[in-house]
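Respectively, the protein sequence lines represent chains A and B.
For the first sequence, my numbering assigns the number 14 to the initial residue and increments by one for each residue that follows.
For the second sequence, my numbering assigns the number 14 to the initial residue and increments by one for each residue that follows.
Everything labelled a hint here was simulated from the structure, so no lab data went into it.
The structure presented is a predicted model; accordingly, all values stated were derived computationally and were not measured.
Careful: at least some of the hints might be erroneous.
Stated by the list, open to error - Chain B stretches covered by chain A per the calculated footprint, using a threshold of three residues with CB under 8 Å from any CB of chain A:
id, segment
1, 26–36
2, 49–57
3, 69–80
4, 251–261
All residues carry an ideal CB built from backbone N, CA and C; glycine is no exception.
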Amino acid sequence: MPEATEVKPATTGNRAKEAADSGWTYRTRQWVDRVLPMDHLLPHRQPYYVGSWVYVFGVITIAALVWVVVSGVVLSFMGPQWWHVSSLGRFFNSLHFWSVQLFFIFMVLHLWGQYFMAGWREGRAATWMIGVVIFGSSILTAFTGYLSQQNFDSQFIAINAKDAMNGAGIGAFFNVLNFGQMYGLHVMLLPIVVTFLVVVHIVMVRARGVVKPIDREGGSPS
Amino acid sequence: MKAKAHVTQEEYYRGVRMRPYDLVKELTYALVGIAALTLVLAAVLSSPDIPPVTIAGWAQTDPVDFVTTATSELQGSTTSAGYGAPYNNAGGEQSWGPIAPQIWFGQRIPVDSAGAFVIQPLKTASYGNSELGTALSQWDSANADQQTAWLSAYADALGKATVKDAKVAVADGDYGPLPVMMNNLLGVAQSGGLDGLLMVNGRFYQTDYTQALLFMGDSGYLDGLATDANLTGSQWGMMNETGSYPGQTWLWLYTMWYQVFPFTSDDGIIGLNGGNADLGIIILMTALTVALALVPLIPVLRDIPRWVPIHRLIWKEYYTPKKRSA
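Only chain B is shown next, with the shape it has when bound in the complex (with noise of 0.2 Å):
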């Protein structure tokens, strides 16, 4: 396949039979088809808007989960907080080899889950609190040792708790501070409060959702309600839109190796497994898309056009042999 520099197209097309063809009324035609389409879908089938997710309606809805989340959070054993780059070191990174860009480019969006999500927000909530006040220093002052203690007991309680009047009330034991605080929190994200205080960080105006995404993303609340949508990774979540509208159905092949070998086995192969999944399908991704645009140069994907006889539908007319004249 030699390209043909240079050639005009008066060059290119000498010899070939030329017919009349207009350009600017088929693109006009075009639009008003697209048109009467896009309208037609509109009017009939609208456009999906499930409203989102506030923490102060999980809170609501499920103040159980709510609380174990916010427990988590200090015994540091949610998924943020062990997350590792741009939130923590807390060393989660992905890595195929030597191939670490997580690593490389490190914490460049600091967050502490725990802090940020659970002792800030009691701190703001302590003003004119005075019980709060006082749990919040006797946390403070506590070990680390009293500390996690009190967090293993209070989890193990959370396993049985009950809601009473929008509270969750566990069995007596040696939970130290935390039914307090976390009562506390709980009242602060049903009233709406830490829907605001996680978003404003000192500022007026905010559009960084950030650490309220990285909050509501460590419950089992969210995660339920994204399953039930059919929206989670293992569910082709990423092309898929709430409701029967189609999503982002382009990103199919993405989705896909989601769902397979090696990226769905925790042993893999040649390094590649569930746990640098990301990774490994992004580099995956990016060899495949740097491939469809280097198709032209590449023997074989190139070929395949001349091999397979699509072509000779496409261009029926100029293959169909020609009667001889009499």
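In isolation and in its complexed conformation, chain A is listed as follows (with noise of 0.2 Å):
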């Protein structure tokens, strides 16, 4: 039976929830709060100027990165050969293949929307750097894909690819000849890389919300 808990004086209780308000957990929550509230991150209303078709072009990129992801997935857990032999394994890779063209297109969409809406201003610049960084990892992404393709394709990008790295003096650290150092890279943390970063670059784009116009309401240029 367990012992009759002693019932501290209320000064005791005061200072032990003080510790636990000034703990890490609590600060870590407090900042979340203030930074990204949940009416923030989930918005059900937004400025009546987000009216344009511009605005969709990030949500359709996500949606093409999660097909990516979806059908990659599934081409990496059967193995790098199942697609060569199989009309199952060749759909998947066409699903692959077609969602990369789609995100690649709506992602660029997105860029120059982002570009002629000077989306970076009013302490939006690091979204915006952010953004380049995902293009770019994406097109490495999509280029070490090219090269663990297994086939003529994969063949002669290496072959033309190897001299551009070559003369940066990085071909012996990023072997383009190299399918497995290419296919890991692909499969594993090119994919991480991309996907951490678009959650950060969303992350920031809730928590400051959509920029305002560049011009004055109702026409006359600022």
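Relying on the hints, combine the two individually framed chains into one complex.
Next up, the structure:
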């Protein structure tokens, strides 16, 4: 039978509460609540000027990325030879191929849209910069994917691309002729990098909200 | 353009009319829409998959090119033999003034083209093959001048070589052991043995195709196939795909530089030319990528969106003059 709990004086209880309130967990939660409260992460209202199709390109890019990852997971689970010898594998490779194409189309549209909206204004420069890093990381991920196809295209891309890598001095560390290295980077490390950066990008967008239009409301340039 | 730090969304949007916006619904519609589009594209158009070229296929289809390439490896006149870092010390590295990263990092993937692609495979194949063993002994015991003379005469003769019973035949001449060596190497390659020998390197599991791809890259055969498929560097090859499929179109800017001055020129300008195009273009693209990232901080680049009224189309409703109420 447990011993009866001693009733502590009120001052001791307050001190315990203060200690809990100043802990790392409490402060982290407070910081998250302050930087990205739920109604900012998933807002159900937006400024009335958020009405153009340009705003949809980012969401479509994320949707395409989801299907890139899903089809890629199936392909990597079954192994790099599967899609060359199985019609179902070829179909999943086609899903991967076309979702990547759509991902890039909408990412570029999103990038141009944000450029002409000057989406970096009023404290959003870092969001733009992370977006450019995502663009570069995606190109690198796709590049390693093309090198991992194990077909004629990947052979000649590797032979061509080695000169650029070697000229830059990184050919021995990023050896495009080494299928194992390219495949490992493509299915593991680079997708993690892209996905992580996309999450950071979305959090930054949601934390600050969409930027206001460039000129003054009603027509006159600012 | 001043950054408004520590401004909450509530403060930022104060006075701005808000309206309902369903983000989750939008994302769900996008997921379904992209899934449908991808399914249709995959089902109707499939995806490209031209089988890879094997050394066996190369040796069977074009024996003369195979033997010519192998002979050039012994001569040290192929691309890989004269490449320099990271494969050897032949001194073919690119540099731009004092910028020479290829030289800085040095030889890190040693590849002796003649030894790796010709001599070692022949030594492996000579087990139980006395004719080849004798030919290799004759080759090894000959001095460099003698080897060079044989190679030169044989390389000339290959210009008029014929194929007979899947072997390469040349006019009579003083080629030393080379005809025996090369036809044995050709036989090993045609059987698929060289594909394996260039991969294994004393290990069983292997995923590194560096040697096999370097050897095939030295050939005229692979280059001819790539030219037919519009994949070579001068054909915007890095962004092309086999067949009529879209390739890495997002590499258009990188690929474009290979088609324009100074990277197509022997003389070039400010030290940039066709000879160091890879290094020059990597430096250029790195600079452009950094500039793209820093657009918010670069005058003119950050001002263009304000000058070009595309934003007035995007926010058309916002810019429409409001009618005054009666």
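Okay, the hints, checked on the actual structure:
| no. | hint | verdict |
| --- | --- | --- |
| 1 | 26–36 | holds (count 9) |
| 2 | 49–57 | holds (count 6) |
| 3 | 69–80 | violated (count 0) |
| 4 | 251–261 | holds (count 7) |
Violated hint for the displayed structure: number 3, the only one.
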